[in-house]
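**Q** Those protein sequences? They're chains B and X, same order as listed. Read in order, the letters of the first sequence are residues 33 to 136 in the numbering used here. Read in order, the letters of the second sequence are residues 1089 to 1409 in the numbering used here.
Errors might be hidden in some of the hints.
Below, in silico cross-link-like pairs of lysine-lysine (DSS-like), each with a Cα-Cα straight-line distance of 30 Å or less [said to hold, decoys possible]:
1. X:Lys1205 to X:Lys1132
2. X:Lys1356 to B:Lys68
3. B:Lys135 to X:Lys1240
4. X:Lys1132 to X:Lys1188
5. X:Lys1117 to B:Lys68
6. X:Lys1117 to X:Lys1339
7. X:Lys1278 to X:Lys1117
8. X:Lys1240 to X:Lys1356
For the record, the hints were derived by calculation from the structure and aren't laboratory data. Keep in mind that this is a model prediction, so the values were computed, not measured.
So the chains spell out like this:
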Amino acid sequence: MTAPTMIEQRDELLAFTNNGGCINCGTCTAVCPLPKENVMLPRHILRLMHLGQREELIARADAIFSCLLCRLCEETCPAGVSIPECVRYLRGFMNRHLHHLEKE
Amino acid sequence: MPLPTAPVLGILADNLRLRGSVMPLSRKKATGWADGLDLPRGGKTVLYTGHLYQLMPSIAALTSKLERFEDSLLNRAMGIGRAVNRKINLSSLMGREDRKVREVCEERLRNIARLVKAAGVNYGYLYEEELYSGALVYDQGLDSTFAEHAAKVAEVFRRNGVETAITVDPHTTHVLRSIFPGIVSDFTLKVRSYLEVLADSPAVPVRPLDLDVAIHDSCVYARGENLVREPRALLERAGARIREPESHGRKTLCCGGPIESLFPARAKAICARRLDELAAAAHHVVAMCPICLMNLEHGAEGRDLTVRDICEPLAESFCGE
Ligand code: SF4
Ligand code: SF4
């Protein structure tokens, strides 16, 4: 199997996040413990996902792997977005396409 | 500089694929806690440890090693480390575990086993057949590695005719109850945390607890499994007075534990903030997850704060231990 092109990878990101209805309100970032440690989570990351910004996301692998999966953001999100599931998905995306830890 | 994520995750994934666990455990380390308890082998209802408590001494040793790697050139060596680890089990050599930590973890499992007995439930144990749950690789998004492993775990339950698994920690409870059914076909296992089993039982305390206590809710139990009522009901039944920290129940604040291995400095800062909240509520703190416990106990050193596993005061009260 050939590796997916960048466009296919972008489509994969979009296909996953378009199901969520993020309204970009920032409530999640207000409650997340990581911004206090200068880590840009999670609204920023979700926005990049929505925009299919593959390279920008890869540059933020550090933030993506810093998420605690604590679900406090999800608990308070007014739009019911499964934020930790998006983060887990992005980790999988990086593990496949960047770290090559699993099959692409 | 944070630790290099890819090689660290690679080592965990390789270990799970090649050796059945993220950090391989000898038979003695996996099942030694049950020595002398005379638990029957197998049965329709089993106590499933999922190996998290048994892994904690190795994780603690590895974490303190990695903490020294952070901000050092040595962390570049992790890439080579992964290649070597495929041939030799490197993770067990990376840090010498503290015997005392293992004794504490094993005693906690024994407390839980006694509490399930106090609940009047007849159960067995799968001993060396029991497998690690795979929770850590699931969290890291190693989905196909996790799915492969989950099928093996499910097969062990099926082969042994297990219908109900009583779990001992939030991460194992969550993957088994909420994730396995979505990825393993015909997965019908009933999964209950020991806290749910005990809270729903008529067990009565034999020794009352005279204690003001703050509960550190586990994020995974509280928000992932809606398990909030049970620890409170049990401590109150035992006679303790609950003093809630500002963030509690479904609004609980993470202890930082999940990123302790990859980002120790961030984990420490998050832990300190959580400890401040807990300390403002009570001197005695209980937690119910081995990862929270490792992190909070470590962070509480030098503070006027006692952190215990909830199974300890509960066993003192319900089992008279
Ligand atoms: S709280 Fe929900 S809707 Fe608001 S920015 Fe975060 S994910 Fe989007
Ligand atoms: S799950 Fe991740 S993004 Fe959400 S609040 Fe917790 S650490 Fe922040």
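**Q** Given the hinted pair Lys1278 (chain X) and Lys1117 (chain X), is their alpha-carbon gap at most 30 Å?
**A** holds (27 Å)
**Q** Given the hint that Lys1132 (chain X) pairs with Lys1188 (chain X), does the C-alpha gap stay at or below 30 Å?
**A** violated (34 Å)
**Q** With a cut-off of 30 Å on the C-alpha distance, tell me whether Lys135 (chain B) and Lys1240 (chain X) pass.
**A** Roughly 20 Å between the alpha carbons, so the hint for Lys135 (chain B) and Lys1240 (chain X) holds.
**Q** Between Lys1356 (chain X) and Lys68 (chain B), is the straight-line Cα distance small enough, at 30 Å or below?
**A** holds (13 Å)
**Q** Regarding the pair Lys1117 (chain X) and Lys68 (chain B), is the alpha-carbon distance no greater than 30 Å?
**A** Roughly 39 Å between the alpha carbons, so the hint for Lys1117 (chain X) and Lys68 (chain B) is violated.
**Q** Sort out whether Lys1356 (chain X) lies within 30 Å of Lys1240 (chain X), counting only the CA atoms.
**A** Violated - the C-alpha atoms of Lys1356 (chain X) and Lys1240 (chain X) are around 35 Å apart, more than 30 Å.
**Q** Are the Cα atoms of Lys1205 (chain X) and Lys1132 (chain X) separated by 30 Å or less?
**A** Satisfied, since the Cα-Cα distance of roughly 15 Å is no more than 30 Å.
**Q** Check whether the Cα positions of Lys1117 (chain X) and Lys1339 (chain X) lie no farther apart than 30 Å.
**A** Between Lys1117 (chain X) and Lys1339 (chain X) the Cα gap is close to 35 Å, so the pair fails against 30 Å, i.e. violated.
Hint check: violations occur at hints 4, 5, 6, 8; the rest are consistent with the structure.
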